[in-house]
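Note that the protein sequences, when read in sequence, are chains A and B. Under my numbering, the residues of the first sequence are numbered 1 to 414, in order. Under my numbering, the residues of the second sequence are numbered 1 to 414, in order.
Honestly, the hints are just simulated from the structure, not real lab data. One should not assume that every hint holds.
The list treats identical chains as interchangeable, and a pair is accepted whether it falls inside one copy or across any two copies.
[Claimed, not checked] As a list, the in silico BS3-like pairs of lysine-lysine whose alpha-carbon atoms are at most 25 Å apart:
#1 K26 x K167
#2 K62 x K26
#3 K303 x K62
Number of protein chains: 2
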Amino acid sequence: MSTSWTYRFAQRTKVIKSSVIRELLKLTQRPEVISFAGGLPAPELFPIERFQQACQRVLAEKGACALQYGTTEGYAPLREMISQNMSRYGVVAAADNVLITSGSQQALDLIGKLLVNPGDRLLVEAPTYLGALQAFDVYGAQYVSVPIDDDGVQTERLEEALRSGPKFMYILPNFQNPGGVTLSEGRRHELVLLADRYGIPIIEDDPYGQLRYEGQHLAPLIVADRENLQRDDGYRLGNVIYLSTFSKTLAPGLRLGWIVAPPEVITRLVQLKQGADLHTSTFVQVVAYEVARDGFLDEHVKKIRQVYRERRDAMLAALQEFFPPQVTWTHPAGGLFLWVTLPADIECQTLFDAALQQNVAFVPGDSFYATGDEGRRHLRLNFSNAPPERIREGIRRLSVAVRSQMKRPELIAL
Amino acid sequence: MSTSWTYRFAQRTKVIKSSVIRELLKLTQRPEVISFAGGLPAPELFPIERFQQACQRVLAEKGACALQYGTTEGYAPLREMISQNMSRYGVVAAADNVLITSGSQQALDLIGKLLVNPGDRLLVEAPTYLGALQAFDVYGAQYVSVPIDDDGVQTERLEEALRSGPKFMYILPNFQNPGGVTLSEGRRHELVLLADRYGIPIIEDDPYGQLRYEGQHLAPLIVADRENLQRDDGYRLGNVIYLSTFSKTLAPGLRLGWIVAPPEVITRLVQLKQGADLHTSTFVQVVAYEVARDGFLDEHVKKIRQVYRERRDAMLAALQEFFPPQVTWTHPAGGLFLWVTLPADIECQTLFDAALQQNVAFVPGDSFYATGDEGRRHLRLNFSNAPPERIREGIRRLSVAVRSQMKRPELIAL
Numbered sequence: 001m002s003t004s005w006t007y008r009f010a011q012r013t014k015v016i017k018s019s020v021i022r023e024l025l026k027l028t029q030r031p032e033v034i035s036f037a038g039g040l041p042a043p044e045l046f047p048i049e050r051f052q053q054a055c056q057r058v059l060a061e062k063g064a065c066a067l068q069y070g071t072t073e074g075y076a077p078l079r080e081m082i083s084q085n086m087s088r089y090g091v092v093a094a095a096d097n098v099l100i101t102s103g104s105q106q107a108l109d110l111i112g113k114l115l116v117n118p119g120d121r122l123l124v125e126a127p128t129y130l131g132a133l134q135a136f137d138v139y140g141a142q143y144v145s146v147p148i149d150d151d152g153v154q155t156e157r158l159e160e161a162l163r164s165g166p167k168f169m170y171i172l173p174n175f176q177n178p179g180g181v182t183l184s185e186g187r188r189h190e191l192v193l194l195a196d197r198y199g200i201p202i203i204e205d206d207p208y209g210q211l212r213y214e215g216q217h218l219a220p221l222i223v224a225d226r227e228n229l230q231r232d233d234g235y236r237l238g239n240v241i242y243l244s245t246f247s248k249t250l251a252p253g254l255r256l257g258w259i260v261a262p263p264e265v266i267t268r269l270v271q272l273k274q275g276a277d278l279h280t281s282t283f284v285q286v287v288a289y290e291v292a293r294d295g296f297l298d299e300h301v302k303k304i305r306q307v308y309r310e311r312r313d314a315m316l317a318a319l320q321e322f323f324p325p326q327v328t329w330t331h332p333a334g335g336l337f338l339w340v341t342l343p344a345d346i347e348c349q350t351l352f353d354a355a356l357q358q359n360v361a362f363v364p365g366d367s368f369y370a371t372g373d374e375g376r377r378h379l380r381l382n383f384s385n386a387p388p389e390r391i392r393e394g395i396r397r398l399s400v401a402v403r404s405q406m407k408r409p410e411l412i413a414l
Numbered sequence: 001m002s003t004s005w006t007y008r009f010a011q012r013t014k015v016i017k018s019s020v021i022r023e024l025l026k027l028t029q030r031p032e033v034i035s036f037a038g039g040l041p042a043p044e045l046f047p048i049e050r051f052q053q054a055c056q057r058v059l060a061e062k063g064a065c066a067l068q069y070g071t072t073e074g075y076a077p078l079r080e081m082i083s084q085n086m087s088r089y090g091v092v093a094a095a096d097n098v099l100i101t102s103g104s105q106q107a108l109d110l111i112g113k114l115l116v117n118p119g120d121r122l123l124v125e126a127p128t129y130l131g132a133l134q135a136f137d138v139y140g141a142q143y144v145s146v147p148i149d150d151d152g153v154q155t156e157r158l159e160e161a162l163r164s165g166p167k168f169m170y171i172l173p174n175f176q177n178p179g180g181v182t183l184s185e186g187r188r189h190e191l192v193l194l195a196d197r198y199g200i201p202i203i204e205d206d207p208y209g210q211l212r213y214e215g216q217h218l219a220p221l222i223v224a225d226r227e228n229l230q231r232d233d234g235y236r237l238g239n240v241i242y243l244s245t246f247s248k249t250l251a252p253g254l255r256l257g258w259i260v261a262p263p264e265v266i267t268r269l270v271q272l273k274q275g276a277d278l279h280t281s282t283f284v285q286v287v288a289y290e291v292a293r294d295g296f297l298d299e300h301v302k303k304i305r306q307v308y309r310e311r312r313d314a315m316l317a318a319l320q321e322f323f324p325p326q327v328t329w330t331h332p333a334g335g336l337f338l339w340v341t342l343p344a345d346i347e348c349q350t351l352f353d354a355a356l357q358q359n360v361a362f363v364p365g366d367s368f369y370a371t372g373d374e375g376r377r378h379l380r381l382n383f384s385n386a387p388p389e390r391i392r393e394g395i396r397r398l399s400v401a402v403r404s405q406m407k408r409p410e411l412i413a414l
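Assemble the whole structure, with the sequences as input and the hints as a guide.
Shown next, in the form of structure tokens:
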């Protein structure tokens, strides 16, 4: 035999397009580039001292537990704390309803593993979170997309999509990634009613819910669902599985998220998680609990909100100042992202190349669409990772690239 | 609609037998029980002070990096260190050949995701590691088992199994879990030759390789494979994917393992890992690197070897002292486990109940077989988690349970 298994593996494996974002990020890591591409939190806000204290305390007082194998469900005090914190948002979830995951991404993977069989159709927003598509694709998912507008997913266009029999709806209600928009209260109620009428569950992905910079908090879908079902004599559990994470409130490098679901679903997810990684790092869980406890996380989130609000405002002001009137953008009430719509004659991929020449970067919109080519007219901008003056300079550079791409010459003049 | 999606989900989901070990561990956590059931390292050996220093240094000097998102491949200095360490065992692997995983369990899951389609047959040892079966089962694996003896998997019985066309061979060459046996040098060479002849790759799972208490280190299969293929003009990459972990040398609570594979395979695994959890905790990786660096891990492993060797010897001596002659057991040269064979008239499950009455626990052997019912005559004993005197007392109790189960009354007298 003249060739090994690996050689043949490499020959027959189709060259799969590496994640667009991965490749982009490499291009954008040159120091002269102002990158609005990643979804990175501001590292200068990481509570380093609090982490130092927590590590010392955890290792001194319970090192043997924190470094040992743990249960698949997660560290009990952390699950309890999450349960308590969520109850303030109206979410009725005992610690037993909470499964700790290795980031929200693992939650998406486990849900794909549990619910998606090859060829299953999933209902997603257009645009939607790229990482969710990556997680579900592996299990052979097909998609039906429903467009969003400034009030989130267009519920009046949902029924037709629901009639095609999707396995579940994947919805980001708050400060959507990438759209930056928030599902209105009225649509939240429509959505849970539709879920119940069609018997199709909702995966509610809420990584940014606590990062609201203006307006009133809106009840999560899992709460709206419960309120709806409780009016019904036949109430049995619910139609919503809720996901969140510590990535945007504490630190993404922990890889620490959670799933809230009825016990029957948690039991199955625990079995799958056991096969996937046994459990999430005990050390990370115990340290994160020590950092977050005693109200620290709430105070810390207030600080994040203040800084990110300034950065969002800086980006909105710079867009207003520099961008031509043919370009529009969303006004996110929270979160990390803002979504730009280009005039019909500009393609996001060619704009990306022009922007890199100006040393500024973003994520082209087409990565965020499960179906169709609507994405080529959009781009996603992140505003959490750079200070206001750098944001302003980046948007100025980007406006130069945008104008260079506009077909009618009279519009190029600044 | 009178019932929710979750209600119907719970109704139609078959009650899947929860992992036997999970359920067992609950029973064995009463303080009066001496448990040989888990595969837990000795927590008193965790290098707590070194972890404290590492956490302080990491947070003070590179907290912003350690708490931020990282690359899916893993923390570059850690990959480099693994590459260096492995080269001392003859493994030729650049840092680019190393993918950091969230424990070895995730490596098994990613390999299942990459290579196993529903109905694919996998060649496994009988017995084999339960967690691997859990990982592969999810992807619809079927199995063909080849028995082990004191020299590891019986290579003379491999060819028939290979002719049935398995997707890969899953092999634990060193101090096998649960068998405690080690694949002989001769069989290692036969195995890689067979892999090459049949074009069927080997997944080499080596969590315990550094924990050898006697005898000479044997080259891993990935090294034997390379030596074999280099004699061949047609050498192209290789037939072995190698897995290992820091769980048994540093601490399992980190959830930190790695895969060594050719770049083509790593590229595909990275894409799958990105969808599964984006990356392994940056914080854990940077801290583990700081703990292990500058030769600390080597010195630490020497200490572990010494302590575990004493415990293995205590268990072997106690078995010799207390057990009836109809019971036999393996003599592991390393690792954490020892494998007991019962007389034909004792079933491991009924023995488990009798043992619990004596306040001692183990894992019944039937959990470790992918096919057949051979396992009911076996049990797995862990010797790393209890000091020698507690091991002796546990084996004494277990011998009482064994004798109580033996059919012929004259053997019951101690």
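Report the numbers of all earlier hints that the structure fails to satisfy, in ascending order.
Per hint list: single violation, 1.
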